[in-house]
Amino acid sequence: MVFLGGQVLPGNVGRAILGPFADQRAVDALNHTLGVDRPLLTQYATWIWNFVQGDMGTSYIFRSPVAPFVIGALGNSMKLAAVAFVLVVPIGILGGVIAALNLNRPLDRIISLGGLSVTVLPEFVTGIILILIFGVWLRWLPISAAWPKDAGFFTQLYYLILPSLPLFLVLFGYIARMARSGMIEALDSDYTRTAVLKGLPWRTVIWRHVLRNALLPTITVIATQTGYLIGGLVVIETLFRYQGIGSLIFTAARGKDFPMLESGILTIGIVYAVATLIADFLYSVLNPRIRLGSD
Amino acid sequence: MKNYRILDLIRRNRSPLENHLIDGLVDGRVSRRDFIRHGSLLGLSLPLLGGITTAAGFGGMPSLARAAGAAGATIRVASSVPAAAIDPVTIADAGGLLVMQQVAEFLCVDGPDLVLQPALAESWKPNDTGTVWTFKLRKGVKFHSGGEMKADDVVASIDRLADPANSSNALSVFTGILQKGASKKVDDYTVEFHLDAPNGNFPYMLSSDNYNAVIIPASYKGDYEKSFDGTGPFKIEKYTAKVGASFVRNDDYWGPKALPDRTEFTFFTDVQPMILALQGGQVDIINQMPVLSGVALLNDPSVDIISLKSSAHQQLHMRCDDGPLKDARVRRAIALCLDRDKLAAGLMKGRSALGNDSPFAAVYPSTDTSIPQRKQDIAQAKQLMEAAGVAQGFKVTLTTERYLEIPEYAQLIQNWVKEIGVELELNILDQGGYYGDAVFGKSNWLDSVMGITDYGHRGVPNVYLAAPLKSDGTWNAAHFKNKDYDTLAASYIGALDLEAQKADAGKIQKLLLEETPVIFGYFYDYLTATAKGVAGVQPTAMSQLFLEKASKA
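Taken in sequence, the protein lines are chains A and B. Using our numbering, the first residue of the first sequence is number 127, and each one after it goes up by one. Using our numbering, the first residue of the second sequence is number 63, and each one after it goes up by one.
The hints are simulated quantities; they were obtained by calculation from the structure and are not laboratory data. Every residue, glycine too, gets a C-beta built ideally from N, C-alpha and C. Don't take every hint at face value.
Said to hold, decoys possible - So the derived label-pair ranges between C-beta atoms look like this:
#, chain 1, residue 1, chain 2, residue 2, range
1, A, L247, B, P469, 22 to 32 Å
2, A, I255, B, Q476, 32 to 42 Å
3, B, D313, A, A399, 49 to 59 Å
4, B, G202, A, I255, 50 to 60 Å
5, B, G202, A, V251, 50 to 60 Å
6, A, P191, B, N75, 50 to 60 Å
7, A, I255, B, K404, 24 to 34 Å
8, B, D313, A, K275, 16 to 26 Å
9, A, R265, B, S533, 36 to 46 Å
To be verified - Taking lysine to aspartate or glutamate and the EDC-like style, the derived pairs with C-alpha atoms no more than 20 Å apart in a straight line are:
#, chain 1, residue 1, chain 2, residue 2
10, B, K611, B, D389
11, B, K201, B, D250
12, B, K242, A, D149
13, B, K572, A, D154
14, B, K545, B, E576
15, B, K304, B, E326
16, A, K275, B, E287
17, B, K319, A, D154
18, B, K304, A, D276
19, A, K275, B, D250
20, B, K611, B, E287
21, B, K532, A, D149
22, B, K304, B, D149
23, B, K543, B, D389
24, B, K504, A, D276
25, B, K242, A, D276
26, A, K275, B, E326
27, B, K187, B, D559
28, B, K300, A, D276
29, A, K275, B, D323
Isolated chain B (complex conformation) (with noise of 0.2 Å):
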């Protein structure tokens, strides 16, 4: 039953951009999951966003609380080793920046169903084109060495990351978005970001999305790890280098104050001793946990897994610029080989979606889920290679890395292709054979006729649409150069309005099906492995780990 009264006292106080959001919920056009989540972009509160679903028809808001556990345990996780010195600024691997995040917060946090929910940043709002967003920081939060966290610190932290001069590993995702410099404080709980182009999905580049983004001291000068300076829940006890690192509730915490004394964090440098500590009862946690290398705990009754969709995918890149693999028919026949649901129930042990040959996942609000799903079809594959002229098949390497179920995962295409005479050789090497340098010409990934490359969660396509697949993408290893495209991707990409994105989101999803420069065979669920009895853990398909809830039976 919709309360029209209250709508429309809501829509008051609202943009056209958000009320336009407000009224598609409404009129049916946008979900109420979908209105959620892009809400949350948009910069509503929760708060607000379940009183416009009560209002709509549909419900509240599912409570997010927890039942509260019981106070004082000490919450042990397995966590891979961090690859290299932590610091927010360059850091780039698992193991490091579940380290860091422990500390140090970001001013949003992209949840595990995708919703943005406000952590440093109370709110946040595009102006009309969606050239500068505005956060609004909460008071009265302070870093554990003292200081109150301010606008000068967020601008700080921010311009550290997207200055070219500073190693940032962050900089892959500010270029074309945001220079340095252009984050400006307008008082001490306000700053501005002026993007070098619209970007409907900004908020996300300041979340726990972009994992470098974490808000330290402005005076922050580098040696992170004599500090771990942050305002997070809780603070650095101990930390040693390659072997693990322990933390102790911060009392002076914004926030509800954390349930465990304690966390520990135990560094393992593979995925099998973690499996066995956990089962000899020597952690509670394993924070990310393979599917394939980690089967023996999916069954096992003393463990519990926590499963997130996440959009992390094993791209499978043909280029598109020589050989064969040049005619886009012969790109799609072997794209139809493929049977997917045997790779989701069989290969991922059905913890993954399926993949529709382009990056958007089911899990994005903005996905057209009405473009059909492509399925394997050898009549029509083998059609297609007769009408590009190769109806006798042709031999091509496919190269790759060894990484988690990649080696099985290429296995099983070398014996789909077979169908249709393509006969595919497999080279598979270690992680720093297949980047190289990473620049073209100087790497297996980029400069190889046909790759299988492994490519984390997002909690937007974005940058799933600029690197790789447009014509000026630094990962475009498939060397796809379309006009089309990126005309829509960059149209995609600046449109604040959900259904203008899901507009742009249907047109590319049928341009990458037509021209198949990359097979997105399948998208794999985020997994963590819990002990029995310990509840309230929040885990993040970005590695990140929230144990302030965290509780032992």
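Isolated chain A, as found in the complex (with noise of 0.2 Å):
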């Protein structure tokens, strides 16, 4: 669909390279040299077949293969999403939680109605501010998340702190929310209630009873949230000047690099299937009456 889909686009990948005034007999030159004049179905079998192999083939743009990009791109993505996820899941769970414990109070109001201001805002326009608050007038964090060569744990995470933070504003509301509601039912429900009844402790109802019921929905809120945060983040990649795999696909799609494009959409297609498959592992975990084999 990807490869058909580009077809369809404008231009040609020797155009994208040499730009719109090069001679067109310079522009048929480079489409030969790179293969891109040959039949739509010769190059698609090529592309699949290698790929099947292992060989994600040789990025038309950079005229070097394309693994290395898409493996970074991807390493880089993982990165800044395991940040954002470090610190919004808990503190958006944690936020949901209070709200629930706290329904129809001030401090729910504050949280629900809080998380979903910053849910809302774009994260160009909240990057932008934080960029301005701490890498301009602070200047307490780089602007950039680019960290520099040989930079060792701390210090990637020190550059990476800046451009989570939108990340973090644009999931608190909607994890808070979900763990809300679903806290909010599982204090409802009848178990809950019967554990009340049974004398238990009220921290034990919620520990072992609440809790354990109403994250499964914010698990599979988290769940589909990691294809988002793995290969959506075209925005704070650009903002931020991060090489994740969103900027890369961005790329490769404006410059016709079918290899890189290919590629790393079907990177992120599997991002997406290993995530699904951990949420549904946690989903078992968590309810049992899910398992596989139970009755």
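Assembling the complex is the task here: the two chains are given apart, and the hints tell you how they should meet.
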């Protein structure tokens, strides 16, 4: 689909590389060198045959193997996603739990409305505001996420704080809302009432009975956000000059660099599938009723 | 006070063409500024030009030497991401050519004032007809890989670009001018270029004006990113695609050694993060800053703006072969709707020069400045519409690209032409969609009824005169076919003499004002932003950045 979709876009690879003002003979020569003047079926079959053998092909634009670009960009995206997750998942869940336990009180309203407000703000707005505050005015944090070469773990972490904050703001409200509604439902359920009537301590009721059930939909939401955090961060990556897979795919699409584009999208597809699988696994851990083989 | 004795001495060893130029200066027909620019084109050295202007009573050349700053700095530059693999033959984008230009050099450099300055060539001169140009090369220039740069390397570098089989991005510059095999070695330090036709501005085609024309070893077989070989004042330290590049001083450089120890180039995909990086102190220079995106920096006291007058512009073409725009009176009427003063002052924040509907920008010495400037005149525009039989107006689509200030420019035009009843529907596309395959029949750019296209700076107007306006021009989006124009353009391109060029330019300017196939509303300045305390930075309007004299306070 990606390959076919790309073919209907105007222009061709040679033209994208040499620019609109290049001589047509030069464009034709470059297209021939790159092999993009071959029949579409041949191009696609060659790429897919190489891919299943572990060869992602050679980038038309960079004239070098695609795999290091995709693997490097995926690694970067996963680092950023990991930092964002580590920040937003516990805080989001905690926010939702606190809101539910303080239902309809001021704290609930602050968390719910505050979360909703920051969630609807686009990343480029919050990103620029955060850069202006922490990068330009206070100069506490680097405004570019590209860390120096040979940077260690903590240096990399330092560079990832600022770009992960807009992601935190986007996801916080979403996760907190899901956690809140799950908690409200669980608190209102028969098994919670039974546990309370049995005289179990409130803390035990919350940890053993409420949270375990309340977090099931939240986990599903977190899993679906994984794909976004890995592959959909073009705006953040552009703003913070981060070499993630989102910007890699965007660049490849603009340049009609099909080996790069197809490999990047397929890689994100695999990440989605793995994230969903992990979510299913966690779901089954938390909910014994859906474990495989159980009655 | 003219010193005729010295002038006569100088005249003795000069060609008739050079003496004619000197006479023009002495008689007042050629200004001092135009004399220096055109003299540099003919290959007269800058010291000689200074001597002539002094003897003619105009004072010497302004000193090009800068107060040298402290050595040893690391200069950090924000640049756009190279759009493709860096290769001198194919490279076409500002980010890529900026990286390449740090290590590789040209035969001559089109400086910020359009004066050609010697680099790898020490001098050059044409034959009497302008069909053969002879370049004398500098001796003792070494490539980073070790060998000496000689005529074989120059011939191979230029031949590689003129060969249609090589995917050369410079082929469009050389087509009709220089073919493969027409660059000939005379001896190790002399190269002759045998042109297809007379060309009075040829040295610009081998200068930094033609960004592919860097000189690299004759043995080059591709994979430039593996060697980054060249003769420049900096050598590559590290290059990472999509991320950045760093360079260190070349201690074997043929000229004065570079002041900075290192330079670092950080690649950005958008200008806003560049601006924030400059404000946040993470870079020292933004190589090119579009005026609208960079408004915040224009009055920032912690930032200096280097502003170069250029011939870069946004061409508004109108199809001359179909529909209501076929009538030149209608095209003139539309051109008369534009308030160019407002464009220059408002849209471009005072960082541009007025256009007069021809490629002859004020920066060119050949531009005939006696041609009256076209100004907004709605009453005359309405009269023209009435005379053309379209007083009630018409609807037409303006197709263009989402790039720089073009969408805002299109909206201003849309508002202005309403006054004469023209209803302009805007069709603003991304750049890929606008240019398409860039051939007639497969391109919104070349097939649209009206369109606005971005054209970068050129040190001479040859390319603008030929490709978008000649009857057989490959970028003739206006579909303008006019034999008189073709003759005049060929005559201008072939003329060696500044006054002959000026005479042709005046005729072309008048013809284009009459026909108006293309509207040139303004020529925008090339802006480079530097942090306060950074000195000695020399950009060109071709996106090059010379940092060998750069320093930090």
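Hints the structure fails to honour: Violated: hints 9, 10, 13, 17, 19, 20, 24 and 25.
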